[in-house]
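J.: For the sequence shown, counting from 1, position 1045 maps to 1045 in the UniProt record's numbering; every step adds exactly one.
Okay, derived cross-link-like pairs now, DSBU-like style, lysine-lysine, Cα gap no bigger than 30 Å in a straight line:
no.: 1; residue 1: Lys1066; residue 2: Lys1149
no.: 2; residue 1: Lys955; residue 2: Lys945
no.: 3; residue 1: Lys679; residue 2: Lys398
no.: 4; residue 1: Lys1149; residue 2: Lys976
no.: 5; residue 1: Lys945; residue 2: Lys1149
no.: 6; residue 1: Lys1149; residue 2: Lys1077
no.: 7; residue 1: Lys165; residue 2: Lys113
no.: 8; residue 1: Lys995; residue 2: Lys1092
no.: 9; residue 1: Lys945; residue 2: Lys995
no.: 10; residue 1: Lys802; residue 2: Lys679
no.: 11; residue 1: Lys70; residue 2: Lys83
no.: 12; residue 1: Lys20; residue 2: Lys679
So the derived label-pair ranges between C-beta atoms look like this:
no.: 13; residue 1: Leu854; residue 2: Gln574; range: 42 to 50 Å
no.: 14; residue 1: Ser894; residue 2: Thr1144; range: 30 to 38 Å
no.: 15; residue 1: Phe115; residue 2: Asn512; range: 38 to 46 Å
no.: 16; residue 1: Asp436; residue 2: Val1102; range: 39 to 47 Å
no.: 17; residue 1: Gln591; residue 2: Arg131; range: 24 to 32 Å
no.: 18; residue 1: Leu927; residue 2: Asn512; range: 25 to 33 Å
no.: 19; residue 1: Leu918; residue 2: Glu780; range: 56 to 64 Å
no.: 20; residue 1: Ala633; residue 2: Leu167; range: 32 to 40 Å
no.: 21; residue 1: Asn512; residue 2: Leu561; range: 26 to 34 Å
no.: 22; residue 1: Asn512; residue 2: Val742; range: 45 to 53 Å
no.: 23; residue 1: Ala597; residue 2: Asp436; range: 40 to 48 Å
no.: 24; residue 1: Gly1018; residue 2: Leu918; range: 52 to 60 Å
no.: 25; residue 1: Pro408; residue 2: Thr448; range: 21 to 29 Å
no.: 26; residue 1: Arg714; residue 2: Glu780; range: 26 to 34 Å
These are computed hints drawn from the structure, not numbers from a lab. Backbone N, C-alpha and C fix where the C-beta goes; we use that ideal spot for every residue, glycine too.
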Amino acid sequence: MVIHSNQLEDLRALVVHWLKTHPLLPLENEIFLVQSNGIAQWLKLALASDEHMQIAAATEIALPGRFLWKIYRNVLGTETIAKQSALDKAPLTWRLMRLLPTVLDNPLYAPLKRFLADDESLRKRYQLAERLADLYDQYQVYRADWLEDWEQQQAQLRINANQLKKLTAVQQQTVDWQADLWRVMLEDVGQEAINSSRAGVHQHFMQRMEQLSQAPQGLPRRVIIFGISSLPAQTVEALAAISRFTQVLLCVHNPCQHHWGDIVEDRHLLNHQYKRHATKQGMPSEVDLETLHQHAQPLLAAWGKQGRDYINLLDQHDDPEHYLERFKAINQRIDLFDPMPTSHLLGQLQDDILQLRSLSETQQQWPAINPEQDQSIQFAICHSALREIEVLHDHLLKSFNQDSTLRPRDVIVMVPNIDQYAPLIQAVFGQYALQDERFIPFTLSDQTQRGNDPLMIAVERLLHLPELRITANEVLEWLDVPAIREHFSISQAQLPLLQRWLQGAGVRWGLNQAHRQQLGLSAIDAQNSWLFGLRRMLMGYAAGDSERLLGIEPYAEVAGLEAALLGPLYEMLQALEQLLGEMYQEQTAAQWASVFANLLSRFFTASNEREAVLLQRLQQGLEQWLSLCEDAAFDQLLPLMVAREAWLTQVETDRLSQRFLAGAVNFCTLMPMRAIPFKTVCLLGMNDADYPRAPTPLDFDLMANDYRPGDRSRREDDRYLLLEALLSAREQLYISWVGRSVRDNTELPPSVLVGQLREHLNAGWQATTQQPLVNALTTEHALQPFSSRYFAADSGYFTYAKEWAQNFMSDTDRLPSPSYPTYRTAVLEPQTVSLAQFQRFMRNPVESFLHEQLQVNLRRYANELEDTEPFALDALQVFSIKRQVLNQATARLSPEHSAEQYVQAELQRLQGQGILPLAGFAEHCILQMQAGLVEQLTSYQQLIKEWPYLNQQPKPLSYQYRSTELTGWLGGLRQKAANSSELAAIYLEPNVLKKGNNWRAHRLLNAYITHVLAAANGINLTSIIQSEGMQVIFQPEPQLPAQQQVQEWLEIWEQHLLEPLPIAQKTAFVFLEALAKGPLEASTEQAQQQAKKTYEGDDYQVTGEVQQSPALARFYPDFTALSADQRFFQLAHVLYAALHRSLTLAGVKQEDN
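Please take these sequences and the hints and turn them into a complete structure.
T.: Structure representation (structure tokens):
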């Protein structure tokens, strides 16, 4: 029984009504054959709806091919027919992997032998076997007559039963080796298995069904085929055969109620006179090519080839008179063609296709379209895929606002490749929180799990283990996968701690020295490897912060109960080492299956149901691959790259369990047989090069240039798919493409199919405006979402990205900018400020405001670990190393020790911590730093000789001003005599203090603040800053002036808690230096210019202070903003003029290098 309709909703309603009026027995399953999970889900929702059966149970959803093979086995006997044909694509791939090397010496196979040359990795052989297996699988379905001839030693190609195709010499050579290879495969599978090929089994099945007089066991009582737009002839013949005993209900989506096969090309190839639907009234029975355009609906003629062949194929087996009365008895029709609503352009176009109107009839039928009122068809031109998604988001928000009945589940968005668009969709649609008015719920379907699912990504990366350096970041990425953390009992909260340990222990890459040798780096030792870092951490836990033991520098951060984390880390590294050792050599499929099974058991334990299902699929895929190899008797050695690809490919096979119709805007791939009706259908990525999709044809595919009605073609699939998408839209069809180059704005054409649609609309309809209709329906969008055209009145453009709106509002409409209190004294709660807090404030008051008041830190620190061992040190790394050496010197170095030996020992210790480069690179870096450090520490030794006594009692520092108390401690002081009141604070500064005539004041600021606070506390303190090549001495200051200075500072501190003050430390000091160099008027202007350059930088070598501080950039993007209210100059004097004056009076000792 074949039911035709132009609307799937009517077909679905008929199916539901038929099931209600003709129910099966209680324990029998209803069998539905579908080609996509979308159709299956849509049917189930209808069955479970309140208005229908209220429950969807006892249903079996199957793919036609799998169902048909099951029927073959039930009719012919399960002992005769295997669960899977030995000549199906999957088992045939591994049979060809074994057979191909055995035939290459035959001259027939010269083309294959040339291709397979230099194939030590077997990658070429595996790829060729896959392609050939797929090709022979297609031959079995669509060219069984060729295979029959080849089996009979006839290397020829039939056009039909009575005609052979004329072949060129190259084509004949291809036919010769393919025919011979088919016979080789048949001989290999054996006589019993020969009949298990699809073509052979189908032939036996048809013969058996003709002989049967009653239903055989295993046939279902009813089968419903729904929403499938194309089936092979074999499948239709088999369904027709079982219809003698099984009720077969075929629901066909037919776009036209008249016979329309004659308007499509290649109609002369049809060997059947169509009889189901009558020719349209007034249309001649025979239409020649010259008059075809007068009777054809252009889009149906251009896009309907696949549907025409399928409907004609069904008509060969259809007998409407046999079942027409049964449908009349329940007030149903077998041709459910209903007119489309014609109140809008989309409905008029759909009605044209239904009624088979020619272009001239369309022009006469419909009135002019008002584009402002009729938006049922819209086109959007963008500059990139990202802009397509951004524009779509705005478009959907507008649609939801205009139509209160439109819901997210009523919208489907289809793209040629969902994997390409998925990150962009998540970035645009996923940026809004649930509470945001712009939030649109969405779901992604059809994504491949490889490259998208974290667990699958981790499995695939582990399968590439011999090629990986196994860096610290790679291991941490694996630990981001919940299933791996679950297996090794590591919580997500422990990952930051582990990352800190790895960074401190110097772990970079490589399990150990042996692993590095496997990668071809035999001269590199184990420094910065996992073994190196693990030993340091274990030694640190055992010995604490001690000297080097057994050649290992302890990493003392690992301590206490947290050290238990080392256990799981060690287990994971052991598992990686074991897995790595199993992957180096070529192995058989069975051995690889054992390795892969070990991989799953050693690294993964499901933490949720989704992971459990995926791990089960991985295990099943492994078992299926091993079974295929065993059935094909393939026991040859395989390299890892072929084995892992075979396993993962098996996991990615098509299935009907993918998520679809989840109650949100559904993004999916443009796939055949997904013509589910939606209110709004959106097609994105309709670019000339991307759609229709054109897979690269194989040069040995003999079907490529031998079309027969019913053949599957990706390009014809895509043409019919666009027709189905057009017909499935109920209220709006939205199409977008990248129509402008993002580089130079040149015009880029849309898909040829979109071009045909646009040409037809222009030719068939008129617009009420002066411009062509398609131009009025098309919106050409700007390159960026913040273009001014989206915010200009009456521009016709709009956006919901309100973040950009402020930039384009007039002064009267603009929202008020955030204002801050003016510079004033405020009454604050009593507070205690540590010396470290205050020093941080003096270095960057704006950053301190964000930190103290808002707990915000705008600086971004790199969280990733270094993946490579150091070969050279940058300036920051040199500074850090010098800082460590100098800090240790204040506690360890005495005047009697050799500064040179101390520096050498400290640098060797740092190399043992993995901080310095390897081998000769380390020696070079040590030589670069050693001389300067020795000289600096020699000067330090002279200082401690002058101040020989170390004061063991730290001095408390405290100063109260209004509600603020500044507190701190002053330790490490030295004295000239044991009971002397003269104290000295000696600082070792790694960097230079002065460059040319300009002070690096920020390197002196901390010491100076401490110096002034000590003076305010009445401490007779000399502060000495010893840098490389220079010594700066701040002499003791009187107490009263120091107290006044601290008061001024604290007054500004209180003010900075109320607002981000317009002051930048480096810029302020440069201003003060420049101001002091000349006459007041001339120097003021020059000082401001110097300050501006320091703050903003230039386009060449100078990096501005604002570029180094996100906090300054946030509030004061340039010097004009910083100095707008003139407070900058006042604050510069209050905060930093004292340091500037002190430096002019300080004792400065320039040392010769």
